[in-house]
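Colleague: Chain residues, written in single-letter form:
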Amino acid sequence: MKKITTEVLVIGSGFGATAPALRLSQVGAQVLMIEKAKDIVPERDFKQTQDPKYLLQYLKGMSSDQVGFTYAEALGGGSGFYEMVSLRAPSAVFDQTDADGRRLWPAGVDRKSLDPYYDLAEEMLGVEQIGLDEIPKSGVAFSLLMKNLGYSCDRARYAVKGCVGSGFCVSGCIFGAKQSLHFNYLPQAKAAGMEVLTDTEAISIRPLLYDVRSSAGTRTIASLPCRYAVE
Amino acid sequence: MIRSQQSDDGFVTRCVSRKEFLKQVAVASGFFFAACSPLRVVFKAYPRKFEEDTALCDCVLRAFVTTVIPGAGSDEPNLARMFTDDYYPFHSFSGFFVADLSERSADLFGNERFDQLSLAQRTKVVEDGLNADATVQRLYRGAILIAQVSYYPGIYDDTKGCPLIDFHGANYGFTADEMYYPNYQALLAREATANGNYS
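Just so you know, the sequences run in chain order L and F.
For the first sequence, my numbering assigns the number 231 to the last residue and increments by one with no breaks.
For the second sequence, my numbering assigns the number 1199 to the last residue and increments by one with no breaks.
For the record, the hints were derived by calculation from the structure and aren't laboratory data.
Keep in mind it's a predicted model, so treat the numbers as computed, not measured.
Warning: the hint list may mix true and false statements.
[Said to hold, decoys possible] Here are the simulated lysine-lysine pairs, DSSO-like style, with alpha carbons at most 30 Å apart:
no., chain 1, residue 1, chain 2, residue 2
1, L, 3, L, 38
2, F, 1160, L, 47
3, F, 1049, F, 1023
4, F, 1019, L, 53
5, L, 60, F, 1049
6, L, 36, L, 3
7, L, 137, F, 1160
8, L, 53, F, 1160
9, L, 47, L, 161
10, L, 36, L, 161
11, L, 36, L, 2
12, L, 137, L, 36
13, L, 147, L, 47
14, L, 38, L, 2
15, F, 1160, L, 161
16, L, 161, L, 190
17, L, 38, F, 1160
[To be verified] Pair ranges (Cβ atoms, derived):
no., chain 1, residue 1, chain 2, residue 2, range
18, F, 1142, L, 4, 39 to 49 Å
19, F, 1077, L, 200, 34 to 44 Å
20, L, 187, F, 1053, 15 to 25 Å
21, L, 62, F, 1053, 19 to 29 Å
22, F, 1077, L, 231, 44 to 54 Å
23, L, 4, F, 1141, 50 to 60 Å
24, L, 52, F, 1077, 13 to 23 Å
25, F, 1142, L, 6, 44 to 54 Å
26, L, 104, F, 1192, 19 to 29 Å
27, F, 1106, L, 197, 37 to 47 Å
28, L, 137, F, 1191, 56 to 66 Å
Quick reminder that beta carbons are idealized off the backbone N, C-alpha and C, glycines included.
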């Protein structure tokens, strides 16, 4: 087994992994990203098909009685396969509490404090609200339905540039219109020195231990802060 | 050898030899085996020609698809491919499925070749399968689903599409007239946000 030592190990390559990987790489940290799935080059690997054989090699699902969700296993995580809708969480989301009245989000985290980071992420991903003249017939029909029911209806914000309307967003955009992580965070992080290992899975994570000797000579074992062995 | 003995309390006891017992068990198992679809599938208890003769199997499966999907052309190259594609679980049942179609064709119309029957006759055969025991019912329903999943989205030919459902296939270029309404602004509902994000 090959042993690699790095300052920062990022496990996974989706939205949550690539943003910190990029920023840490940019400030000079030695960053290694590992991804259990295979490498993806959108123009080479994405297909316009509804073949379950193709879709299921990337899209996986998990479910329980309470919740079910779909995720993707590929370099770039779900960014290559999501629907590109990129909305900011409304303020009310951050005020949610659990059954005991405790706030679900950490203190100081709310919409106002996150807005600068939303700005940054939207700029990176090229998120824009679609223009009035870009609303397709299906969207107009839905908006008309809402209008007739007495509701409002807003245009979504998308991470897309130059959409050709082929309709195969979820199978991966072969035109490069979907602004997945392959076009922004990942290449920028690589340019800043980040290394990426695909087909590499983290099986276990354990803290690195070291001896601590007190002045009285007693010996204890402690874990080094933020130091881990990953296999 | 079977011998009968009358006991003191009047009961007649049949003494069956080991050989006779095994014979009876074998016959009973045979009847049970023949009548039980799951066992026939597991033990592949159907004529082997339906797995070995791929040309026959393909003809029958094509005929099945054209029966359950009206308008499907029997000469389309990938029409029955999904039934035998080893990626999909149905492939391990395709031999039994073809054998079952053939048996029902022979029982109902005296012709084992399902693909040589008329559309009305083939429809009857499929209906017969859909009304059979639970295992066969599930198999036929699965086969119909597989046929639909394979045919309508054109999974083996991304660019082909399917005219039956007005699906033009991948990379179909939409014109502006096809994509947008000219008078869209009169139809849209009121917007509640300035930029698509709720505050």
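Colleague: Hints first: check each against the structure and report whether it holds.
Modeller: Quick rundown of the hints versus the structure:
1. Our distance criterion of 30 Å between C-alpha atoms is met by residue 3 of chain L and residue 38 of chain L, whose separation comes to about 21 Å.
2. With a C-alpha separation of about 14 Å, the suggested pair residue 1160 of chain F and residue 47 of chain L falls inside the 30 Å cut-off, and the hint holds.
3. Between residue 1049 of chain F and residue 1023 of chain F the alpha-carbon distance is near 29 Å, which keeps this suggested pair within the 30 Å criterion.
4. Among the hinted pairs, residue 1019 of chain F with residue 53 of chain L is inconsistent with the structure: their alpha-carbon atoms are about 53 Å apart, more than 30 Å.
5. As the CA atoms of residue 60 of chain L and residue 1049 of chain F are separated by approximately 38 Å, the hinted pair breaks the 30 Å bound.
6. For the proposed pair residue 36 of chain L and residue 3 of chain L, the alpha carbon gap of about 17 Å is at most 30 Å, so the pair holds.
7. At most 30 Å may separate the alpha-carbon atoms for a hinted pair to count; residue 137 of chain L and residue 1160 of chain F meet this at roughly 24 Å.
8. Under the criterion of a C-alpha separation no larger than 30 Å, the hint pairing residue 53 of chain L with residue 1160 of chain F is consistent with the structure, at around 18 Å.
9. This hinted pair checks out: residue 47 of chain L and residue 161 of chain L have alpha carbons roughly 19 Å apart, not beyond 30 Å.
10. Taken as a hint, the residue 36 of chain L and residue 161 of chain L pair is honoured in the structure, with Cα atoms around 29 Å apart against an allowance of 30 Å.
11. Of the supplied pair hints, the one linking residue 36 of chain L and residue 2 of chain L holds, its CA atoms being roughly 16 Å apart against a limit of 30 Å.
12. As the CA atoms of residue 137 of chain L and residue 36 of chain L are separated by approximately 40 Å, the hinted pair breaks the 30 Å bound.
13. Distance check on the hinted pair: residue 147 of chain L and residue 47 of chain L sit about 37 Å apart at the alpha-carbon level, beyond 30 Å; violated.
14. Of the supplied pair hints, the one linking residue 38 of chain L and residue 2 of chain L holds, its CA atoms being roughly 19 Å apart against a limit of 30 Å.
15. Restraint check: the Cα-Cα separation between residue 1160 of chain F and residue 161 of chain L comes to about 27 Å, which is no more than 30 Å; the hinted pair holds.
16. Of the supplied pair hints, the one linking residue 161 of chain L and residue 190 of chain L holds, its CA atoms being roughly 22 Å apart against a limit of 30 Å.
17. In summary, the hint linking residue 38 of chain L to residue 1160 of chain F is supported, as the alpha carbons are separated by about 28 Å, within the 30 Å threshold.
18. Hint check: residue 1142 of chain F to residue 4 of chain L, Cβ distance near 47 Å, so the stated range 39 to 49 Å holds.
19. Taking 34 to 44 Å as the suggested C-beta distance range, the pair residue 1077 of chain F and residue 200 of chain L conforms, at roughly 39 Å.
20. At about 54 Å, the beta-carbon gap between residue 187 of chain L and residue 1053 of chain F misses the expected band of 15 to 25 Å.
21. For residue 62 of chain L and residue 1053 of chain F, the hinted distance range of 19 to 29 Å is not satisfied, since their beta carbons lie about 43 Å from each other.
22. Checked against the given bound of 44 to 54 Å, the beta carbons of residue 1077 of chain F and residue 231 of chain L, roughly 48 Å apart, stay inside it.
23. Between residue 4 of chain L and residue 1141 of chain F, the C-beta spacing of about 51 Å keeps the proposed range 50 to 60 Å intact.
24. Taken as a hint, the range 13 to 23 Å holds for the pair residue 52 of chain L and residue 1077 of chain F, whose Cβ atoms sit roughly 19 Å apart.
25. Between residue 1142 of chain F and residue 6 of chain L the beta carbon distance is about 49 Å. The supplied range of 44 to 54 Å therefore holds.
26. The hint said 19 to 29 Å for the Cβ distance between residue 104 of chain L and residue 1192 of chain F, and at roughly 25 Å that hint holds.
27. Take residue 1106 of chain F and residue 197 of chain L: their Cβ atoms lie about 59 Å apart, and the range 37 to 47 Å is violated.
28. Restraint check, residue 137 of chain L to residue 1191 of chain F: a C-beta distance of roughly 18 Å breaks the suggested window 56 to 66 Å.
Of the numbered hints listed earlier, those contradicted by the structure are 4, 5, 12, 13, 20, 21, 27 and 28.
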